[in-house]
Structures are given as structure tokens and as C-alpha cells.
Amino acid sequence: MKKKLLIIPFIIFSLVLLNFFYLLLKERNPSELPSNLLNKNVPKFEALSLLKNKNFVSSQEFGNEIVLVNFFATWCKPCRDEHKYIKLFSNEKKIRVIGINYKDNTKKTIKWLKNLGNPYSDIPVDKNGRIAIEWGVYGIPETFIVNSKGIIKYRHVGAITKTSYKKINLIIKEME
Amino acid sequence: MMINKIFLIAISIFFVQFFSNNPLAVEPDEILHDQKQELRARNISKNIRCMICQNQSIDESNAPLAKDLRILIRNKIKDGDKDEEIYKFLTDRYGDFILLKPPLKLTTLALWFLPFIFFAIGIFIVFFHNKKSKKI
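Protein chains in written order, with the numbering used here: chain B, 1 to 176; chain C, 1 to 136.
Hints in this document: simulated from the structure, not taken from any laboratory.
All C-beta atoms, glycine included, are put in the ideal place defined by N, C-alpha and C.
Careful: at least some of the hints might be erroneous.
Said to hold, decoys possible - What follows is a list of derived Cβ distance ranges for each label pair:
hint: 1; chain 1: B; residue 1: Phe20; chain 2: C; residue 2: Leu39; range: 46 to 52 Å
hint: 2; chain 1: B; residue 1: Asn64; chain 2: C; residue 2: Leu39; range: 46 to 52 Å
hint: 3; chain 1: B; residue 1: Lys167; chain 2: C; residue 2: Trp112; range: 31 to 37 Å
hint: 4; chain 1: C; residue 1: Ile52; chain 2: B; residue 2: Lys87; range: 25 to 31 Å
hint: 5; chain 1: C; residue 1: Leu39; chain 2: B; residue 2: Pro9; range: 44 to 50 Å
hint: 6; chain 1: C; residue 1: Lys101; chain 2: B; residue 2: Ile12; range: 44 to 50 Å
hint: 7; chain 1: C; residue 1: His33; chain 2: B; residue 2: Glu46; range: 40 to 46 Å
Unchecked claim - Taking lysine-lysine and the DSS-like style, the derived pairs with C-alpha atoms no more than 30 Å apart in a straight line are:
hint: 8; chain 1: B; residue 1: Lys103; chain 2: C; residue 2: Lys5
hint: 9; chain 1: B; residue 1: Lys103; chain 2: C; residue 2: Lys105
hint: 10; chain 1: C; residue 1: Lys67; chain 2: B; residue 2: Lys77
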């Protein structure tokens with residue numbers, strides 16, 4: 001009887017090992033963290049709009065349609081890389097694309113958007129990074145998808161690539 | 001003689017590990033005038049993970065986000081927020097991962113208690129094994 005009991009630690013150890021192997025082999029980015037805001041309401045914030053002559057008030061802007069929120073800055077190289085995909089999203093009729101300009105220079109941003117094209121329907125300015133903290137952002141670029149009820153459904157950390165573009169597109173299609 | 005040397009090395013490692021002051025990243029303009037409030041801010045900062053470096057606290061990290069969070073914590077302390085309120089503000093946005101010490105919850109029970117269970121199993125095996133070998 002006691003001898004049989006000795007097999008228990010061995011089984012537990014094997015299970016732990018199996019779990020480690022699974023985590024090793026699974027395709028994932030260990031530095032990418034899940035958002036704590038998933039399935040929660042969009043954070044409330046108010047900010048100056050870069051292009052319009054009025055304040056951007058979050059409570060008035062979310063909750064009517066699917067919104068893609070993209071944190072970007074001109075000093076961020078990956079933001080430039082993903083810009084073409086953000087433009088592709090802005091061509092879709094059913095979604096609205098909003099860009100939050102993170103800790104940036106206004107003049108440089110306007111020039112940057114003139115050169116690369118402006119995919120954003122509105123650009124709230126986050127001068128001191130406070131809005132980003134409200135969204136739990138830890139490294140730009142970050143992209144959020146907010147459904148038509150104003151609830152955050154997805155977060156992507158880092159530049160959008162071809163693969164992640166397809167993935168995000170699928171998620172949006174499912175929400176429609 | 002040899003044992004003495006090993007003992008000395010062990011003691012010095014212990015001192016370096018536990019009594020060294022980690023270099024802090026707090027900049028002079030961030031420090032609060034009220035010493036009690038500053039101490040509170042330092043204590044909270046030591047428990048908050050820098051989300052960019054991930055193995056440093058924001059008290060030690062030079063990352064811009066760590067600085068933003070240090071300033072945010074100090075502003076909240078000045079506004080009269082309690083420590084629990086500040087922790088809640090941060091975990092609501094960044095999740096439990098932002099705490100360097102994981103909280104005791106239903107989902108973290110295994111994390112906290114498995115080591116003790118393994119220890120008990122180990123003791124049991126050693127004891128059982130010894131008893132058997134004595135008979136031989």
C-alpha cells in the first residue's frame with residue numbers, strides 16, 4: 001500500500017513537467033500580457049483633439065459603433081511600420097478608427113500624418129501619458145477593439161503585422 | 001579551516017543579498033516634501049512591477065512608464081488616497097501582474113501552497129525510506 005503511495009509524487013512531477021513542455025512548445029510571446037480591461041467598459045477620459053477644435057470626450061464617442069483605438073507616436077518606429085494596416089482598417093465602412101497620440105509633438109505629428117496619410121477620424125492628444133495608463137498601456141503601439149456597446153473586446157500589443165491584421169479583421173467580422 | 005572559509009563566504013553573500021540598497025531611480029524633482037508621504041510612496045513603488053522591464057520594481061526602473069507611475073502614485077498620496085486605493089487603481093488597469101507579490105486568491109492557491117505540499121511529501125518519503133533502510 002505504502003509503495004503504491006510513492007507513485008503520487010512521481011505523477012505530480014510528470015504533470016508539472018508536461019505543463020512546462022506545453023508552455024514551451026505553444027506559440028506565444030511571453031512578454032505579451034493579457035489586458036485587464038477585456039470585457040470592461042472603455043475608460044473615461046477627456047482630451048484635446050489634435051485636428052478638431054474641441055475636446056474629445058470618451059463618453060460621447062464610444063458605444064455607437066465598433067471602434068479601433070490605436071496608441072501611436074511619431075517617435076515610435078513600429079508605429080510607422082503598422083501604419084499601412086491602420087489605413088486598411090480605416091477603409092472599412094463599419095468601423096471607426098481613433099488614434100491616441102502618445103507623448104508627442106503636435107507639429108511633428110501633423111507633418112507625419114501628412115506624409116503617411118491620416119487614417120484616424122479623431123486624434124485625442126495624450127501629452128503626459130495619463131490616458132495610456134487609464135487603458136493599461138505599457139508599450140506603444142497598442143491597439144484596442146471596442147464593440148458597439150463601448151466594451152473593450154481585444155487588445156494587441158506591438159506593431160500590427162500581416163498575420164495580426166488578419167486576426168483582428170476576423171475578430172471585427174465576428175462582432176458585426 | 002575550509003569550513004570557516006565557506007561560512008565566511010556564505011555570510012557575506014547573505015549580507016550583500018539582504019542588506020544592500022538597490023539603486024533607486026527616483027529623480028530629485030519627484031520626491032515629496034513630506035517625508036512620511038515620500039516613505040509611503042517608496043514602499044508602494046517597491047511592490048509595483050515595471051511593466052516594461054518586468055523584473056524590476058518601478059522604484060528601481062528608469063523606464064518612462066515607471067516614472068509616470070511613480071509620479072501618479074505620489075499625486076494620489078498628496079490627494080489623500082489610501083494605499084489600498086492606489087493598489088486597486090493600478091491592478092484595475094494592469095491586472096495582478098503589476099504587483100511583484102502575487103495576492104492570495106482562489107486562482108493562486110496552488111502557487112502559494114504547492115511548495116508546502118511538496119515539502120510534506122518530501123519529508124514523508126525521507127522518513128519512510130529511512131525507516132525501511134534501518135530494518136536492513
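Evaluated hints:
no.: 1; hint: Phe20/B / Leu39/C: 46 to 52 Å; result: 40 Å, violated
no.: 2; hint: Asn64/B / Leu39/C: 46 to 52 Å; result: 47 Å, holds
no.: 3; hint: Lys167/B / Trp112/C: 31 to 37 Å; result: 35 Å, holds
no.: 4; hint: Ile52/C / Lys87/B: 25 to 31 Å; result: 28 Å, holds
no.: 5; hint: Leu39/C / Pro9/B: 44 to 50 Å; result: 45 Å, holds
no.: 6; hint: Lys101/C / Ile12/B: 44 to 50 Å; result: 25 Å, violated
no.: 7; hint: His33/C / Glu46/B: 40 to 46 Å; result: 30 Å, violated
no.: 8; hint: Lys103/B / Lys5/C; result: 55 Å, violated
no.: 9; hint: Lys103/B / Lys105/C; result: 36 Å, violated
no.: 10; hint: Lys67/C / Lys77/B; result: 22 Å, holds
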